[in-house]
Amino acid sequence: MTKRGAARRDISLTVNGEVKTVCAYPMERLLDVLREQLGLTGTKEGCGEGECGACSVFMDGALVDSCLVPVLQAQGSSVVTIEGLAVDARARAVQDAFLEYGGAQCGICTPGMILAAVHLLNAKPAPTMDDIREGLAGNLCRCTGYLQILEAVAAAAAKGGAAR
Amino acid sequence: MRSDPAEFNLVAPSDLRSALALMTTEGERWMPIAGGTDLMVQYAAGALRARRLMSIARLPELRQINVAADEIQIGAGSTYTDLRRQEAIARDFPMLAQAAGWVGGIANQNRGTIGGNIVNASPAGDSLPALLAYGAELILVSLNGERRVPYTMFHTGYRKIQLASNELIRAVCLPRRFIAYLQHARKVGTRNAQAVSKIALAALARVEGGIVRDVRIALGSVAPVPMRLAETERILTGNLLDDSVVALAAKTAASEVKPIDDIRSTARYRAAVVGNLVAEFLERLRAEPAATEAANQTLARWNALSADAAEGEILACCGSRVWARAMVSRRPLAEESAALSASEEICAGLGDADWLEAFCAHPRIGGKKAEEVASLQSAAWSAQEQSSAAAAGAELKAALAEGNREYERRFGRIFIVCATGKTSAEILAILQKRLQNDDRSELREAAEQQRQITELRLRKWLRA
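Note that the protein sequences, when read in sequence, are chains S and L. Each step along the first sequence adds one to the number in my numbering, with nothing skipped, and position 68 is 68. Each step along the second sequence adds one to the number in my numbering, with nothing skipped, and position 413 is 413.
Read the hints as simulated data drawn from the structure, not as lab findings. Quick reminder that beta carbons are idealized off the backbone N, C-alpha and C, glycines included. Take the hints with a grain of salt, since some may be wrong.
[Said to hold, decoys possible] Chain S is faced by these chain L residues, among others (derived, beta-carbon under 10 Å): (1) 3; (2) 6; (3) 7; (4) 33; (5) 35; (6) 39; (7) 43; (8) 108; (9) 109; (10) 191; (11) 422; (12) 425; (13) 431.
[Unchecked claim] Subject to a maximum C-alpha distance of 20 Å in a straight line, what follows is the list of computed EDC-like cross-link-like pairs (lysine to aspartate or glutamate): (14) S:124 <-> L:445; (15) L:433 <-> S:88; (16) S:159 <-> L:442; (17) S:159 <-> L:395; (18) S:124 <-> L:442; (19) L:397 <-> S:151; (20) S:159 <-> L:438; (21) L:433 <-> L:402; (22) S:124 <-> L:87; (23) S:159 <-> L:445; (24) S:124 <-> S:134; (25) S:159 <-> L:402; (26) L:433 <-> S:151; (27) L:433 <-> S:96; (28) S:124 <-> L:448; (29) S:159 <-> L:406; (30) L:433 <-> S:131; (31) L:460 <-> L:288; (32) L:433 <-> S:130; (33) L:460 <-> L:344; (34) S:124 <-> L:82.
Given the sequences, and given the hints that come with them, work out the whole structure.
Shown next, in the form of structure tokens:
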């Protein structure tokens, strides 16, 4: 073992349904590996300290901030990014509602918002407004003032039955 | 400045024993990392001193929650989401479940662990006041075996903990003896979500005949470690909660804490809010016996009525005659909990026709009149329950009316939803979703809503 630090090593994980093997330092952030090695730039970096949710991804079905995940902890996990959600009917309904209600402006927070919304609707298909506020509390937006986003998620939930 | 990942090592032992063995390696120190919600923030800022890290996020031994008769053992690697999902915690230790919901956003709750919150040892740690109030004990494990220490002896100073370099917290133990206590947790921060607390309170007490028999009050963010209010508790114990005792307790609480001025608040503000939070808790304690007393009186009066009169009165809570008669046959019901559990049992046995009869006693959401002539009381409660829906704008009202008509065409009866606390937009969303149900599951859903309405109305009736 080296006195300090570690060598890059092969780490395998499933990303958007495909097994990928990346060569990375074990403490590299999952966020950087997704963006720089796998070219999945839909996942954004905002604060880099788990406050803003721009880097949200699913790890084994759970919403996580990928800036706080050392890539070694994702070894063997199934990671889904916004690109991987493009085929999901619920995510499409949320995306359509964001367009309809003006839930996206500059777009930096949008992938994370959509992931957080889908994560919420997966657990609670008919959420209350409080559920929606809580589900999105970890995602910051500096453009919309949030109301359009909350309305979009409520509308997507209302249409949820039809979308599936 | 961001850290350079090349300067750090991270390993992930597959079980607890290998992790402990690694921690015992001569001349090497390994910093455990679980959800990383604190350490990765330090790492991002270039402030993480440890260079060798050991992931304990996936050790199965740390993730179990065991519920025994006298205590619950929570694996230190349980996430806040795990805590919120565990029914036994919600029931016996609601302040811990509530505190778990205070932590960051959902993504942080999915990763952060209770063990991490304890070893991070911040004075503002969200779960810590609850652990202190419940008298938590920790099970520490090393290759040499386990030891059990009270949380109070573990967290001894500002970010100071009594954990040896070869030890991990394996589990947090909470005694299941507070179920009959009134429990009250409150966090004051800049905003409700995602904010570090300025002050957090976890308090619980058992009151008999207005006298405080046992009380435990814990606070976070007002001293270097979360603290119990020993002096305030002493003043309250054995005393009647009258105005002067409440005022004295609030004043003592404010002077007993040792807050500081910092980036989030001032010492003066914190001390004043501590007094207010303690007073708020004591006011709740005072209100509780009054509510209990009111319920007992309602029941005593109702128990003495003729069967017909008793049935007529309780029909306002649920319009099913079978339900009302069964409630009457259970008399005498001594207290609120007996009435609520009797209703639960009866509801579980109701048939489709009984539910349909109960539905008819409600007016359409957005409408005024029930199909059957309901009692005045039932109509008044309906108006209260649907008050937020009634406040909707014209467009929403029209959408609701159209949704109701569609529902009635589809299912041949009015749409039943427990409307208390729900806005028109929420009700509309639920309505549109339920329109997709098949007949069978929709009847079950409507019955569940009726059950919730009945429970709320029973409470209102009893406490009136």
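These are the hints, each one checked on the structure:
1. 3: 8 Å, holds
2. 6: 5 Å, holds
3. 7: This hint holds: residue 7 of chain L lies near chain S, its Cβ roughly 5 Å from the closest one there, short of 10 Å.
4. 33: Constraint on residue 33 of chain L satisfied, holds at 7 Å.
5. 35: 8 Å, holds
6. 39: Holds: closest Cβ of chain S sits about 9 Å from residue 39 of chain L, inside 10 Å.
7. 43: 7 Å, holds
8. 108: 6 Å, holds
9. 109: 8 Å, holds
10. 191: It holds, given that the least Cβ distance between residue 191 of chain L and chain S is near 9 Å, below 10 Å.
11. 422: Where the cut-off is 10 Å and the nearest Cβ of chain S is about 6 Å from residue 422 of chain L, the hint holds.
12. 425: 6 Å, holds
13. 431: This interface hint holds because 8 Å falls under the 10 Å limit.
14. S:124 <-> L:445: 15 Å, holds
15. L:433 <-> S:88: 19 Å, holds
16. S:159 <-> L:442: 17 Å, holds
17. S:159 <-> L:395: 18 Å, holds
18. S:124 <-> L:442: Holds, because 17 Å separates the two Cα atoms, which is no more than 20 Å.
19. L:397 <-> S:151: 17 Å, holds
20. S:159 <-> L:438: Cα-Cα ~16 Å, so holds.
21. L:433 <-> L:402: 14 Å, holds
22. S:124 <-> L:87: Measuring from Cα to Cα gives roughly 17 Å; hence the hint holds.
23. S:159 <-> L:445: Given pair residue 159 of chain S, residue 445 of chain L holds - Cα atoms ~18 Å apart, limit 20 Å.
24. S:124 <-> S:134: 12 Å, holds
25. S:159 <-> L:402: 16 Å, holds
26. L:433 <-> S:151: 16 Å, holds
27. L:433 <-> S:96: 17 Å, holds
28. S:124 <-> L:448: Holds, at roughly 16 Å.
29. S:159 <-> L:406: 15 Å, holds
30. L:433 <-> S:131: Holds, at roughly 16 Å.
31. L:460 <-> L:288: 14 Å, holds
32. L:433 <-> S:130: 18 Å, holds
33. L:460 <-> L:344: 16 Å, holds
34. S:124 <-> L:82: 17 Å, holds
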